[in-house]
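2 protein chains.
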Amino acid sequence: MSNRPIGVFDSGIGGLSVLRELLRLMPDESYIYLGDSARVPYGNKSVETVRLFASQCTQFLLSQDVKLVVVACNTVSAVALDAVQQAISIPVIEMIEPAAAAAVERTVTGNIGVIGTRATVGSRAYNVAIHRLQNEREINVYSLACPLFVPLVEEGWLDHPATRAIAQEYLNELFRPCAAATGDDAETRIDTLVLGCTHYPLLKPLLRSLLPNVHLIDCGTYAAQVAYAALQQEETLAFSGEKSTLQPKVRFCLTDILPNFAPIAERFLNFSVDDVERVVIDHPLLAPERKVRLER
Amino acid sequence: MSNRPIGVFDSGIGGLSVLRELLRLMPDESYIYLGDSARVPYGNKSVETVRLFASQCTQFLLSQDVKLVVVACNTVSAVALDAVQQAISIPVIEMIEPAAAAAVERTVTGNIGVIGTRATVGSRAYNVAIHRLQNEREINVYSLACPLFVPLVEEGWLDHPATRAIAQEYLNELFRPCAAATGDDAETRIDTLVLGCTHYPLLKPLLRSLLPNVHLIDCGTYAAQVAYAALQQEETLAFSGEKSTLQPKVRFCLTDILPNFAPIAERFLNFSVDDVERVVIDHPLLAPERKVRLER
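First to last, the protein sequences are chains A and B.
Under the numbering used here, think of the first position of the first sequence as 1, with each following residue one higher.
Under the numbering used here, think of the first position of the second sequence as 1, with each following residue one higher.
Misleading hints may appear alongside valid ones.
As the list claims (entries may be wrong) - Some residues of chain A that are not near chain B, with every Cβ distance over 12 Å (derived): (1) Ile88; (2) Ala119; (3) Ala230; (4) Thr255; (5) Asp282.
Said to hold, decoys possible - Selected chain B positions facing chain A (Cβ under 7 Å, derived; list incomplete): (6) Thr49; (7) Ala165; (8) Glu277.
Simulated from the structure, these hints should not be mistaken for laboratory data.
Built from N, CA and C at the ideal position, the CB exists for glycine as well.
Put together the whole structure using the sequences plus the hints.
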C-alpha cells in the first residue's frame with residue numbers, strides 16, 4: 001500500500017485525457033499532473049529538444065516522490081522514452097505499447113490506422129510496436145500526422161464545421177493508400193484507428209460520426225490499465241475502504257499558468273480545476289514557484 | 001556607418017515576414033534572426049512567461065553585438081516591450097506603434113479592425129496606441145484574437161477551403177459589432193485591418209479576396225521604415241556603393257532546429273535558407289550550440 005502520488009506529465013494539457021482515464025480506474029489514488037505549458041507543444045519540435053524537456057519533466061516528478069510516472073504524451077513516448085527511463089527505478093507507463101496491443105487485438109481486417117503529431121508519426125513508434133505484437137498475423141499500419149487537431153481541440157472547436165472538414169480531409173488521406181492497396185471492400189478496410197495523441201480523444205464524437213464502422217483506440221484507457229497492473233504488481237496501490245465519492249485528489253503543476261487553462265481543463269476532465277501551481281523545471285533563475293487561484 | 005548586424009527576434013518563424021520587409025528596404029544590412037522555436041508559440045502564454053522569454057532573446061542578441069533590435073513579434077511588443085528595453089541602450093523597434101500610426105493615417109471611416117494572438121488582443125496595446133495617435137478624430141477599434149491562423153499558416157494551408165471558412169467566421173465576428181453600432185453603410189464600415197501578428201501577412205491574398213475594400217496593414221512594412229529612420233538618425237546605416245544583388249546576409253539562429261523549418265522559411269522569405277544554428281538562450285546546461293545543414 002502506498003499513499004505516494006502518481007506522477008503524470010505532458011507537454012501541456014492533452015495529458016488531462018489520460019488523467020481522466022486514470023481517475024476513472026483508480027479514483028482513490030492521488031496524482032501530480034505536470035504540464036510543460038511554457039514550452040507546449042512538443043509535437044512539431046525536434047527529437048533532441050523533446051528529449052531534453054522530457055528529462056526535465058521526469059526530474060521534477062521524481063523530486064515530488066511519486067511512485068509511478070505516466071508519460072501522458074505520445075510524442076515523448078515515441079521519441080524520448082529512454083530519456084525518461086534513465087536514472088529512474090520506479091515504473092514508467094507510456095502511451096504507445098498499450099494502445100498498439102489494443103489495436104492488434106481489436107483489428108479483424110489487419111489494417112490499422114494511426115494518427116498523431118508530426119514527431120510521433122515520424123518516429124514510426126506505433127509501426128514498430130504493432131509489428132512486434134502482431135505474432136503470426138500480417139498487420140499493415142497506415143499513419144498520418146494531423147497537426148491541426150491540437151490547436152482545434154485547444155480552441156474547443158470539437159464539432160465545428162471547419163474541424164469536420166479538416167478531419168474529413170485528413171481521414172481521406174489516411175484511408176486512400178489502404179483502399180488503393182486492397183481494393184477497399186469491408187474485409188480489407190482499416191477497421192481500427194489509434195488516436196495517437198492525447199488531445200484527440202476529445203474529437204471522438206466527431207471521428208465516430210465520420211467513421212461509424214471503425215474502432216477508435218484511446219491511449220489513456222489502455223495506459224491506465226497498464227498503470228493499475230504495475231501498481232498491483234508492486235503492491236503500491238492506494239488503499240480505500242469503500243468506493244470514493246470525494247473530489248479527485250490531483251495537484252496541478254504548470255510551467256506557465258495559461259490564461260485559458262481553467263475552461264480547457266474542464267473540457268478534458270468534466271470537473272472544475274480551481275488551484276494550479278506554477279513550477280519551474282528548467283532554470284534556477286526563473287521567478288519563484290507560486291500558487292494561483294484561477295479566474296473563471 | 002556600421003557593419004554591425006541588426007538583431008531580429010520572434011517566438012518562432014512569424015518574424016520572418018518582418019525580416020523580409022527589412023531586407024526589401026535595407027538589402028545591404030546584415031542580420032541575425034533569432035527564433036525561440038523551442039518554446040514557440042508565445043501568443044497563448046502568460047504575460048509573465050512572455051516577458052521572461054523576451055528578456056532572454058534580447059540578452060542573446062546583445063551578446064552578438066547588434067546595433068538595433070527589432071522585436072518582430074506582436075505578442076512581445078504588446079506585453080513585454082519594457083522587458084526588452086530594460087538595460088539596453090541601442091534602439092528597439094517594435095510592431096505596434098508603426099502599424100497603429102499607419103492605420104490611423106489610412107482609415108477614412110474611423111473604424112479600424114485589429115486581429116492578433118490572444119495575448120496581443122488581450123493586452124489592448126493596439127487600442128491604446130491608436131487612441132494616443134488619433135488626435136482630434138474619434139477612432140473606434142474592433143479587435144479579435146484569431147488563434148487558429150498561426151497553425152494554419154505554419155501548415156502552409158494559406159488558401160485552403162478550411163482556412164477560408166475559419167477566416168470568414170473570424171471576420172464575421174470582428175465586423176459584427178461595428179455593423180451593429182454604426183448601421184453598416186460604406187461610410188462607417190471598418191475600412192482598415194491591422195494584421196497584428198507576424199504570421200498573418202502570408203494570409204494577405206486570402207484576406208484581400210474576402211475583404212476587397214479593406215486596407216490591410218502589414219506591421220513589417222511600417223516597422224522596417226521606422227528601423228531605417230532610426231539607423232539613419234544614429235548614422236549607423238550600412239554602407240553600400242551600389243544596389244546589392246548578393247544573397248541576403250542573414251544568420252539564422254533557432255533554439256530548436258524545427259524539422260520543417262526550411263520549407264516554412266522559404267514560404268515566408270521567397271529564398272532558400274540552407275544554414276541554421278541551434279543556440280541556447282535559457283539554460284547553461286543545454287547541449288552545446290551547433291550548426292546544422294538543413295535537409296530538403
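Tested hints:
Distance check for isoleucine 88/A against chain B: the nearest CB is about 19 Å away, which clears 12 Å, and the non-interface claim stands. Not every C-beta of chain B lies more than 12 Å from that of alanine 119/A, the closest at about 8 Å, which undercuts listing it as non-interface. At the 12 Å boundary, the C-beta of alanine 230/A stays outside the reach of chain B, the nearest C-beta of that chain being 31 Å off. A beta-carbon of chain B comes within 12 Å of the beta-carbon of threonine 255/A; the shortest separation is about 8 Å.
At the 12 Å boundary, the C-beta of aspartate 282/A falls inside the reach of chain B, the nearest C-beta of that chain being 6 Å off. A least Cβ separation of about 4 Å between threonine 49/B and chain A falls short of the 7 Å threshold, and the interface hint therefore holds. Evaluation of the alanine 165/B hint against chain A yields a held restraint, the C-beta minimum of about 5 Å falling below 7 Å. For glutamate 277/B, the shortest C-beta to C-beta distance to chain A is roughly 14 Å, which exceeds 7 Å, and the interface hint is violated.
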